[in-house]
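Peer 1: For reference, the chains in residue letters:
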Amino acid sequence: MAERERRSTPPYGGVFVARSQVMDADDVRRAIWRMSHEIVERNHGLDGVVLVGLQTGGVALAHAFADALQEIDGASPPVGTLDVALYRDDIGIRPVLPEAVTEIPVDLDGAIVVLVDDVLFTGRTIRAALDALNAFGRVRAVQLAVMVDRGHRELPIRPDFVGKNLPTRRDEMVNVSPSGVDLGELVKDGR
Amino acid sequence: MAHQHLLSVSDLAVEDLEQLLRLTDAFAEVSRRQIPKVPALRGKNVVWLFYEDSTRTRLSFEQAAKRLSADTMTFSVSSSSVKKGESLRDTVLTIEAMGVDGIVVRHGSAGVPWQVARWLGDRVSVVNAGDGWHEHPTQALLDCYTIRDRCGTVAGLRIGIVGDVKHSRVARSDVLAFTALGAEVTLIAPPTLLPSNIEGWPVRVSHDLDAVLPDLDVVYLLRMQRERMTEHLIPSLREYTARYGLTERRVDAMRDDAIVMHPGPMNRGVEISAEVADLPRSVIIDQVRNGVAVRMAVLYLLLGSGVDRVLGTAPLDADALLTAPEPVVEGAVG
Amino acid sequence: MAAPEGTTIVLKGGRVVDADGERTADVVIADGLVVGVGPDLSGERTLDAAGCIVAPGLVDLHSHLRQPGQEEAETIETGARAAALGGYTCILAMPNTIPAVDHAGIVREVLELGRAAPCDVLTAGAITVGRAGEQLAPLGEMAALGVRFFTDDGAGVADARLMRRAMEYAGGLHHAGRGVVLAQHCEDPVLASGGHMHEGEWSSKLGIPGQPAEAEELMVMRDLALARLTGTRVHFQHLSTAGSVAMVAAAKDAGLPVTCEVTTHHFTLTHASCTGYDPVFKVNPPLRTDADVVAVRQALANGSIDCIATDHAPHTQEAKEAAFDAAPPGMLGLETALALTLTELDLPVAEALALLSWRPAEVLGVEASHGGPIVPGRAANLTVVDLEERWIVDPSALASRSRNTPYAGRELAGRVRHTVLHGEPVVIDREAQR
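Residue numbers (the working numbering), protein chains in the order written: chain F, 1 to 191; chain E, 1 to 334; chain L, 1 to 434.
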């Protein structure tokens with residue numbers, strides 16, 4: 001899917017072309033390990049913690065956290081996935097369709113939800129996710145874990161756990177994968 | 001953005017049907033939430049233009065629209081007020097002038113949704129909620145979704161549609177959808193209840209339910225209306241039930257994993273016996289439940305998604321549908 | 001209203017086409033009559049006919065003029081104007097007005113209204129009272145006023161016994177030394193009941209209730225039998241199926257006194273036109289299959305059909321903006337029939353004109369003043385047609401009060417330039433003069 005051609009409506013369409021690698025696979029693995037420790041520390045264990053990966057970039061990351069937490073704490077928290085498409089504030093402005101079926105495996109009443117996403121940018125996706133969570137019950141707390149915080153926030157949202165703070169230009173693109181984090185740009189019709 | 005319509009199953013390419021069914025999964029999940037409502041269509045206004053009584057279809061659309069946070073209005077027309085004068089076109093233009101995004105049309109006359117769409121151009125989305133004997137596309141979509149849900153796939157299944165095909169918009173839409181998705185469809189009815197000319201239809205025809213029943217994966221029963229008797233189409237409901245009713249005895253002849261479907265409302269004791277309607281293999285309640293999710297998908301696709309192509313006037317660019325929604329590289333748009 | 005006494009008009013430079021043949025000649029008209037036909041003639045007034053044919057005016061056996069009762073759709077005046085622009089000098093109004101033309105009073109009213117029209121307007125009378133199919137209308141009283149054509153058009157006479165009696169009774173009626181004609185709209189009302197288009201692949205697909213070809217053919221068959229029984233002349237209106245056309249042709253061969261007409265839409269359109277659910281394509285008898293269109297065209301070519309009629313049936317925009325099954329059947333025809341015949345049928349011009357002019361004139365019994373050869377002494381009811389002129393049908397440009405032509409946007413060849421009615425030019429250079 002990473003290399004799937006993306007011919008969506010401008011100005012968002014195009015193909016990601018990497019310019020420089022800012023984290024390699026080991027960096028990513030270490031960051032996951034560190035952030036998992038922080039999650040345990042912050043919550044005094046994993047009691048009541050539910051990991052919710054945001055479709056699509058946060059899902060694999062949430063599972064990676066779950067694996068790390070299993071090693072650290074001997075138990076891994078439930079992992080859910082959340083598609084926020086139907087809560088986005090750009091519906092009607094650009095094409096928006098749900099990517100995948102949301103799966104929240106447990107009742108979120110009283111849970112501590114750790115939202116997991118790959119890149120934090122304007123904060124609008126997280127705003128939509130906070131909204132979406134309400135449909136699943138009244139959570140005790142929501143925390144946010146992202147691999148990369150690239151700045152340019154448009155809403156008062158900040159991450160609780162960050163893999164890397166990465167200064168970027170607005171028009172740059174960040175791509176996160178298990179093999180590393182790349183900075184690059186979107187090339188229109190770059191086929 | 002140009003508005004799109006959903007008028008006929010025949011306007012949907014196979015990929016569109018499959019995409020729609022996949023998309024419906026996401027909306028079915030919304031329905032299972034503690035608070036089954038998303039803000040996706042906030043500020044959108046949908047009107048039910050129902051020239052024919054249809055509590056079930058209207059409620060299903062209404063539920064779908066409300067779960068998407070759309071505002072809804074009902075323009076229901078009793079047959080007497082229609083006669084009072086306002087032409088169909090004037091009614092439609094009047095409603096449009098009030099500022100609506102979608103019109104869901106149910107009419108006793110075939111083709112009315114096409115006329116409405118022609119008058120409105122691409123200013124308002126039109127959804128066909130049943131036109132005369134012609135089509136009922138969202139019913140076909142929910143039927144396909146239910147079959148896929150229960151049987152895993154529609155392709156390769158042997159589906160028998162039993163009963164009054166001639167007067168059935170459900171049958172016409174289902175034949176198109178089932179065969180497009182690769183099912184093998186047999187119409188089972190007395191000759192009087194089949195359309196006059198179906199030589200070109202991609203179906204088999206049988207007049208003998210008992211002969212084909214053991215081969216079917218899906219037995220789709222159509223509603224048998226009492227007035228068909230007065231039109232000399234069948235001698236009596238009793239005889240119809242004897243030859244085409246799904247009785248307990250007949251169920252014994254069905255394959256173990258075969259399912260029973262019905263678009264509702266059922267005439268228990270006529271096309272389906274009361275006991276059969278309540279068997280686990282009967283998925284009639286699932287159809288109703290899935291109807292809401294399918295209609296959410298349709299309404300969202302037409303009114304919210306911004307996926308820019310026209311259901312109902314041109315085959316879709318399936319590729320665009322698959323790639324367009326992708327928020328590119330996560331983080332690019334935040 | 002006619003040209004001032006003694007004024008001579010010359011139709012200059014055209015090619016005369018009539019039942020006698022074709023010749024290049026100028027035609028001089030005075031006092032309502034043709035007074036000269038030959039080369040290099042002149043008159044006080046000249047109408048340019050260069051490049052055109054000069055033909056006897058057309059005669060339509062089947063026009064719905066909607067007056068009295070539905071003047072919002074058409075009036076005798078507007079319908080006659082449309083007719084004049086279409087090259088007609090004589091049209092027969094159908095009796096399904098509101099009320100129906102079923103007694104002398106209404107006949108007088110229609111004829112009176114027609115007197116000022118830019119086209120001779122005759123009326124058919126109903127066969128049964130109120131066209132209800134139950135009681136014989138006073139055919140004799142209407143015949144005494146000159147009505148020679150009787151039909152319940154819009155519906156057929158369903159009761160075989162009543163139709164038999166009507167035929168027998170009509171056999172004893174005469175006007176000005178000629179018998180009358182019973183004409184039938186052939187449609188078995190029970191078999192056709194509830195049908196809104198031809199029953200076939202398209203009705204099955206579109207979910208529109210259909211009526212089978214047999215609904216028409218059954219009544220054709222029955223009336224042929226009754227014609228044999230009674231010996232009365234029967235005219236079959238707007239035949240639309242291969243079966244009907246074949247039966248009537250065979251009956252003629254067998255010597256039965258029958259005639260028939262087909263409409264322009266039944267040889268130019270098929271039931272596939274209904275796919276968009278536009279009620280403008282709803283008509284009765286309905287548009288049929290490709291095979292029927294082929295059969296109708298063959299019958300026109302081999303002479304087994306007597307005339308082409310328009311079944312000009314105006315309906316208001318509002319009426320046609322209803323659902324397909326709720327909209328009234330019918331389409332316009334007077335302003336497009338000639339061009340469609342010339343464009344769509346591969347017939348010699350004289351053959352086309354025979355079907356549109358002199359044969360219907362004979363069926364109607366008006367051949368003394370319409371459709372006759374263009375020779376000195378004959379009534380000057382003429383039309384001048386530019387066969388080469390191409391035009392695009394524009395509903396808003398039609399003279400009819402209604403707009404329900406199914407040919408909007410279609411390019412046709414052949415257009416009426418002038419029409420002369422009893423010596424008076426009622427259409428000059430494509431413009432109606434009154």
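Calculated directly from the structure, the hints in this document are not laboratory data. Given the structure is predicted, the values throughout are model-derived calculations rather than measurements. It is possible that part of the hints are untrue.
Said to hold, decoys possible - Listing some non-contacts, in silico: residues in chain L with all C-beta distances to chain E over 10 Å: (1) Gly200; (2) Ser204; (3) Gly276; (4) Gln433.
Said to hold, decoys possible - In the EDC-like style, the derived pairs of lysine to aspartate or glutamate whose C-alpha atoms are separated by at most 20 Å in a straight line are: (5) Lys252/L - Glu201/L; (6) Lys37/E - Glu103/F; (7) Lys66/E - Asp89/F; (8) Lys37/E - Glu185/F; (9) Lys37/E - Glu99/F; (10) Lys37/E - Asp89/F; (11) Lys188/F - Glu172/F; (12) Lys12/L - Asp386/L; (13) Lys37/E - Glu62/E; (14) Lys164/F - Asp24/F; (15) Lys37/E - Asp107/F; (16) Lys37/E - Glu172/F; (17) Lys164/F - Asp27/F; (18) Lys66/E - Asp24/F.
Note that the Cβ used here is the ideal one computed from N, Cα and C, for glycine as well.
Peer 1: So, for every hint listed, does it hold in this structure?
Peer 2: Here is how each hint holds up against the structure:
1. Distance to chain E contradicts Gly200/L as a non-interface residue, since its nearest Cβ pair spans about 5 Å, not more than 10 Å.
2. For Ser204/L, the non-interface assignment is contradicted: its Cβ lies about 4 Å from the closest Cβ of chain E, within the 10 Å cut-off.
3. The beta carbon of Gly276/L sits about 6 Å from the closest Cβ of chain E, which is not more than 10 Å, so the claim that it is off the interface is violated.
4. Consistency note on Gln433/L: stated as away from chain E, and its beta-carbon is indeed over 10 Å from all of that chain's, at 35 Å minimum.
5. Restraint check: the Cα-Cα separation between Lys252/L and Glu201/L comes to about 32 Å, which exceeds 20 Å; the hinted pair is violated.
6. Proximity of Lys37/E to Glu103/F is assessed by CA-CA distance (about 16 Å); at most 20 Å being required, the pair is judged to hold.
7. Between Lys66/E and Asp89/F the CA atoms are separated by roughly 18 Å; this keeps the pair inside 20 Å, and the hint holds.
8. About 36 Å separates the Cα atoms of Lys37/E and Glu185/F, which puts this hinted pair outside 20 Å; it is violated.
9. For the proposed pair Lys37/E and Glu99/F, the alpha carbon gap of about 18 Å is at most 20 Å, so the pair holds.
10. For a cut-off of 20 Å, the pair hint linking Lys37/E to Asp89/F stands: about 16 Å separates their Cα positions.
11. Simply put, Lys188/F and Glu172/F have alpha-carbon atoms about 13 Å apart, close enough for the 20 Å limit, and the pair holds.
12. For a cut-off of 20 Å, the pair hint linking Lys12/L to Asp386/L stands: about 13 Å separates their Cα positions.
13. With a C-alpha separation of about 13 Å, the suggested pair Lys37/E and Glu62/E falls inside the 20 Å cut-off, and the hint holds.
14. With a C-alpha separation of about 12 Å, the suggested pairing of Lys164/F with Asp24/F holds against the 20 Å cut-off.
15. Between Lys37/E and Asp107/F, the direct Cα distance comes to roughly 17 Å. Compliance with the 20 Å bound is thereby established for this hinted pair.
16. Distance restraint check for Lys37/E and Glu172/F: the Cα-Cα separation of roughly 35 Å exceeds the 20 Å cut-off, and the hinted pair is therefore not satisfied.
17. For the given pair, Lys164/F sits about 10 Å from Asp27/F by alpha-carbon distance, which is consistent with the 20 Å threshold.
18. Under the criterion of a C-alpha separation no larger than 20 Å, the hint pairing Lys66/E with Asp24/F is inconsistent with the structure, at around 47 Å.
Consistency note: the structure conflicts with the earlier hints numbered 1, 2, 3, 5, 8, 16, 18.
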